[in-house]
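With chain A held as given, fit chains B and C onto it using these hints.
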Amino acid sequence: MTGPLVAERPIGAPPAEGARRGRFSHALGNGVVALAIGAAAVYAHTFAMDKDKLDAPLTSHAAAGGVAVTGRFSARLEKVVAARSLRLLTTSTDPETGRVTIKKSGRVGTQDVFIVVTIGATSPGDPTRLDDAWLRTADGVEYAATDRVGPAFTLPHRPVQNGWWVDVVFVFEIPPEALAGASIVVSAPSSNGIYDTIYPNRYNQLLPEAELPISADRAAARRLLDDVKTSWQLAAEE
Amino acid sequence: MSEKHGSTQESGEPSFDAFKPVARDTPSSGQESIFSTGSWPAASIATAAPEPSPVPAGPAGRRRMPRLIRATLLLVAAVALVAVTVGVQWWDRSAWIAQRYPAEVVKDVPRGQSAALHGMSWQASLAVRARSAGDHRDATSLIATVRVTPISAKDVGGYLPPRFEARDRGTGRRWQALPAETPTGSDLEPGRTTSFIVVAAVPNELKDTAELVLSYSSAETLRFAR
Amino acid sequence: MSSSVLPGRRRRRPLLAPAAVLLAATGLGTIAALGGLVEAPPQQPPQRRVGEEIDQDLFRTKIEDAIVHAVSFDGDDPHAPRHTVLDLSLKIYNDAEVSVPLAYLENSLLRIVSREGETLMSPGSAPGAGGTWLYDTTVPGEGAPSRLLPPKRTSAVTVRLRKRSASGDEPGAGKYPDLVGVDVGVYENHEDFLTGRHRAALVQDDTGAPVVVARVTVPVRKAV
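Residue numbers (numbering that gives the first Met the number 0), protein chains in the order written: chain A, 0 to 237; chain B, 0 to 225; chain C, 0 to 223.
So here's chain A without its partners, still in its complex pose (with noise of 0.2 Å):
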């Protein structure tokens, strides 16, 4: 619309020297602000996740003793008990008259402490079971499950399934000092079939977990240190 309006310049004159002045100062403004636009732009890349976030664990918090729910499996901390030692006992029972008899009996002794966690959890749909969990301390360290006590005596790989809890035991091995602030934090595994034993770990993006804090306050902590068992005893069904 401006089209014959402007063809009032014969070109190749020049502009006026205000005219010029103007200009100038507007592609300035428009320079920085294109400067700043692409700084922006630029520094919003640092925001970007790397591959290792981008596929990290779904977490569901949950206050102490409270139930966390994650989309495959909800789960609530049913007990925690400090021990310096456990006590290994393989039972088995008669079918005839329920007598229980001790088959053989074992001791696990430690230099810091057992934490003895045990977890109730269901399933909203699908059977799945909690394989893995960590001992997540105020620092970030991550303690996995101790492997010195059998799957026998606490049956990680139990399942979890819909209508009703089920309790899986873990047990840890930590530092009586990593306690306070600590969380219990437990996976489903990755349920893509076939596709994870062809390549470990490539499908297991976003994987649900879910983290329980063991106490309320680092006064629960201490009282659960405090209360340290001599021994505690873990049966195994034969």
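Accuracy of the hints is not assured; some may be wrong.
[What the hints assert, rightly or not] What the simulated footprint calls covered on chain A by chain C, stretch by stretch (three residues with Cβ under 8 Å from a Cβ of chain C suffice, anywhere in the stretch; the number is not a length):
#, segment
1, 43 to 55
2, 138 to 149
3, 190 to 202
[What the hints assert, rightly or not] Derived DSS-like pairs: lysine-lysine, alpha-carbon spacing no greater than 30 Å straight-line:
#, chain 1, residue 1, chain 2, residue 2
4, B, Lys106, B, Lys206
5, C, Lys174, C, Lys90
6, C, Lys221, C, Lys90
7, C, Lys90, C, Lys151
8, A, Lys102, A, Lys228
9, C, Lys61, C, Lys174
10, A, Lys78, C, Lys151
11, A, Lys52, C, Lys151
12, A, Lys228, C, Lys151
13, C, Lys221, C, Lys61
14, C, Lys151, A, Lys50
15, A, Lys78, A, Lys228
Note that these hints are calculated values from the structure, not bench results.
Using N, Cα and C, we set each Cβ at its ideal position, and we do this for glycine too.
Coordinates of chains B and C only, in the frame set by chain A:
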């Protein structure tokens, strides 16, 4: 300054002055402010458009009216482009998921009857197990007796144990079902029926309605009606 | 370069190119004469002594001791038969933020060889030809051993090596070496090319073989 500059050149060849008022469709140079001059008409677009002057207003009017339409079209095009870009990727991913996780084809087996799958004839009956001391308060164990009969000798060689689960037909919820002992290929003989036990736990309220499902893959699934 | 076109001056002869060629030829000849073009001998991994700390990136490792002694595999039964074994004691600081399975440490002890050149342990290569040595790595503990290294802590690790004779009977301590050499590998935060995620992996050289970051010579005590 611009006035002076303009006046010096008024007799000579015409030159452009951005601050000089536009003579054609504005009344006079004296009524113009320096902000409304130059290449931009002083009058607003809305008032300038219906002006009767045929030469400048003609093309300008033709362009100004579609402006709104043009903007709308641009917006529609932008939205459509975004929709297509997202949609194509959505469709591609959906196709990939559909290929990898095909929809389940469940074959219903009426009560007491058998069905053929993987060269075997399958039959199953489900019973509620009496509560025992070790049972969970909210769960009931179901005992399924599965009978398998190989159809031919060739199928015995290719036998693989299937997966079992208990299912609620209404909600589609599932529960793990574990065979107590599965027959291997050497236990099977063509035409001879071998039976084994499958145990599942289901919530108490579903103990009479939950069904046993046998599957090799999502397309090869049998559901035994109760 | 424009000087040659100036009036009153003689045109210069091209000198730079022949001079450069001559210089290069002389230099190359000198290097060749002094043996500079001979292939360098393969670089030996740094030798470390017992008790020196080795940085494996994932772990900080100290090899403390090696002893041949007779042990009973069933601690509860005093009459259980005793077996001669070679125990290598290590102190491992796990620098990761998580517990690490001992298999990571095992795999980083690339090769344990005797002075005679017999391979006692080589987790990377398939067992077979040699195959007369068994190994087991544990963190001994009261009641039951562990196979996990707790995070940000130092653990005492025992690598137990046992000779298996062809006839099946127990070889005596005399058959055990007096000196073993341990090749130690190093970990890196490796990026998986498909997932883009990171995990600890042994650093490899161009041929795909794990890099030996230290070679420790450990004298073996005999306490049988």
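Hints not upheld, ascending by number: When the structure is compared with the hints, none of them turns out to be violated.
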